[in-house]
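Numbering (full-length UniProt numbering), first residue to last: 1 to 499.
These aren't lab readings, by the way, just hints derived from the structure by calculation. Don't be surprised by glycine CBs; every beta carbon is placed ideally from N, CA and C. Treat the hints loosely; a few may be bogus.
With beta-carbon atoms standing in for the labels, derived distance ranges [unchecked claim]:
| hint | residue 1 | residue 2 | range |
| --- | --- | --- | --- |
| 1 | K258 | E231 | 19 to 29 Å |
| 2 | G214 | K491 | 31 to 41 Å |
| 3 | K63 | K417 | 53 to 63 Å |
| 4 | V124 | Q481 | 49 to 59 Å |
| 5 | R303 | K24 | 33 to 43 Å |
| 6 | K39 | Q102 | 17 to 27 Å |
| 7 | G398 | K97 | 23 to 33 Å |
| 8 | S393 | E31 | 23 to 33 Å |
| 9 | K258 | P281 | 28 to 38 Å |
| 10 | H232 | H455 | 26 to 36 Å |
Capping the alpha-carbon separation at 30 Å, the derived lysine-lysine pairs in DSBU-like fashion look like this [said to hold, decoys possible]:
| hint | residue 1 | residue 2 |
| --- | --- | --- |
| 11 | K240 | K95 |
| 12 | K254 | K359 |
| 13 | K417 | K97 |
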Amino acid sequence: MATYLHKNRNGNYYSRIPFPACLKAVGFPSEVRFSLRTKDRNEAMVSNLEVALKAKLWIEEIKVAEMSEGLKNKVIQKRAEIRLQERMQVEIDKKNKQYIEQLKASIQLKNQLQASENRNQELVNQNQEIKVIARKIHSAAKVKVESNELAHQKITDFISENIGINNVRSSKVIRTLEELQTEFLADKVRDQIVNKSLNQLKLRTSALVHFAGGSTRITDLTYGDARNFQEHITEGRSGKTVSEYLSACSQMFKYACKLEYVEKNHFSGLKVPNSASDKRPRWTSEQLLNLFSCEIFTEHTFRNIDDYWLPLVMLHTGARPSEICQLETADYKVIFDTPSLSITDDSVYEDSEKRVKNKNAKRIVPIHHKLIELGFLKFIETKVKAGDRQLFSSTPIGADKDWSKGFTQRFSRTLTKLGLEAGKRPTAYGFRHTVRDEFKLSESPKDIVTELIGHEKETFGEIHYTHSEFDIVRKLEVLHQGLNFDKELIKVASDPLFR
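Taking the hints into account, I'd like the entire structure generated from these sequences.
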């Protein structure tokens, strides 16, 4: 039985027990593996004997049993349970690994902070020494001070050249606009924002760098400079585009304010009145009725079942298209007896390419009762039993890894067939704006809405929002009270799996 003993790439031993062909024919796997939870070979050999013996006896009992239809069904069900347990174990192992990495990062950060404090103290002491030496030099040479800045430069140059103290630095670093942009974008990379958003921030903040000059000190920029930049970019651009440029610059200077590089963000108060054509259109009641009256939803005449479920799920969650398209079957959760979807970039698979817009986008969204009524849980159950990794058939496309591109292209063709003119019609992203507006009209609690749709959290309480039973219940209540599209979905036929 020693041949059943194997070691994985991490050095952990496990037993590998193959199943006979007669059992594989009725649904059993090719083999079963048992982790021995040790890296010691002697200990593993003893555990292997015990595990292998029990496993072989278990297999023999199954072989001699009569393989009735009832047993076959139990075998298939057991196989599904084993797969689910394996996924849960992988997820637990991954969480443990993440915890260890976070602990290491915390220790490293603590060491860096200590080093930074020591360096700051050195700078303070050095500044004191410089001041003493400067006063002596000023008294002896009777230097006429032309200006504070010029005098400081002369004194530090004199000290460096004649006294031998090198690397004289000011305790407050004054950054240029170009340096701030580089540091700001690097911070966004650390936040793991999507490549598309990073490129947009770079493009829009570069317009300010070119306008004001990359060598311009950020402390020299005034509110008037911000207004001049606004006027500069207004020419040839829509109000919406101008707002996006100003928003990017405001984000960059908000970052500078947090690090105390500047005292005020002059871009935060700039407003651009959007014209009606600039606003992203939401879906009207008539447009929703038109969409959900087409044959995809009434007759189930789709080629891809995703085209039935994706619009419905977006309309009842307010999630971004890519967030729904990238969902894995493991993202279906039952939390305090409430069926929910976990929108996150975490995955049990190491090669996962799931992404979220930012850290605020990670959230738990209960499944709306209308989706359950239409058969969404049956659809999920079918995917889980089949052992599918992805909940939908979408794949990431292009350099930006766009999960929704395939669906949005098909969706656009559907809208064209319905007579909705391109450029003037709402899009798949418009479901998100529709949900946001519906919550606003129903005066739903802002903190819960923020959690449901994944907007930036503004208060300490929101940032530390938890997934307790009370929170899940509140989310579900707000979801049901704020979103009611029964009138628009009156013609939608349920259970597309049984078409």
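Going down the list of hints, with the structure as the test:
1. K258 / E231: 19 to 29 Å: holds (28 Å)
2. G214 / K491: 31 to 41 Å: Given a distance of about 58 Å, which is not inside 31 to 41 Å, the answer is violated.
3. K63 / K417: 53 to 63 Å: holds (57 Å)
4. V124 / Q481: 49 to 59 Å: holds (57 Å)
5. R303 / K24: 33 to 43 Å: Holds - the Cβ-Cβ distance for R303 and K24, about 34 Å, lies within 33 to 43 Å.
6. K39 / Q102: 17 to 27 Å: holds (24 Å)
7. G398 / K97: 23 to 33 Å: Since the Cβ atoms of G398 and K97 sit about 30 Å apart, the hinted range of 23 to 33 Å holds.
8. S393 / E31: 23 to 33 Å: With a Cβ separation near 29 Å, S393 and E31 satisfy 23 to 33 Å, so the hint holds.
9. K258 / P281: 28 to 38 Å: holds (35 Å)
10. H232 / H455: 26 to 36 Å: holds (30 Å)
11. K240 / K95: With a Cα-Cα distance of about 41 Å, the restraint between K240 and K95 is violated, given a limit of 30 Å.
12. K254 / K359: The hint holds at about 17 Å.
13. K417 / K97: violated (50 Å)
Hints 2, 11 and 13, counting from the list given before, are not met by this structure.
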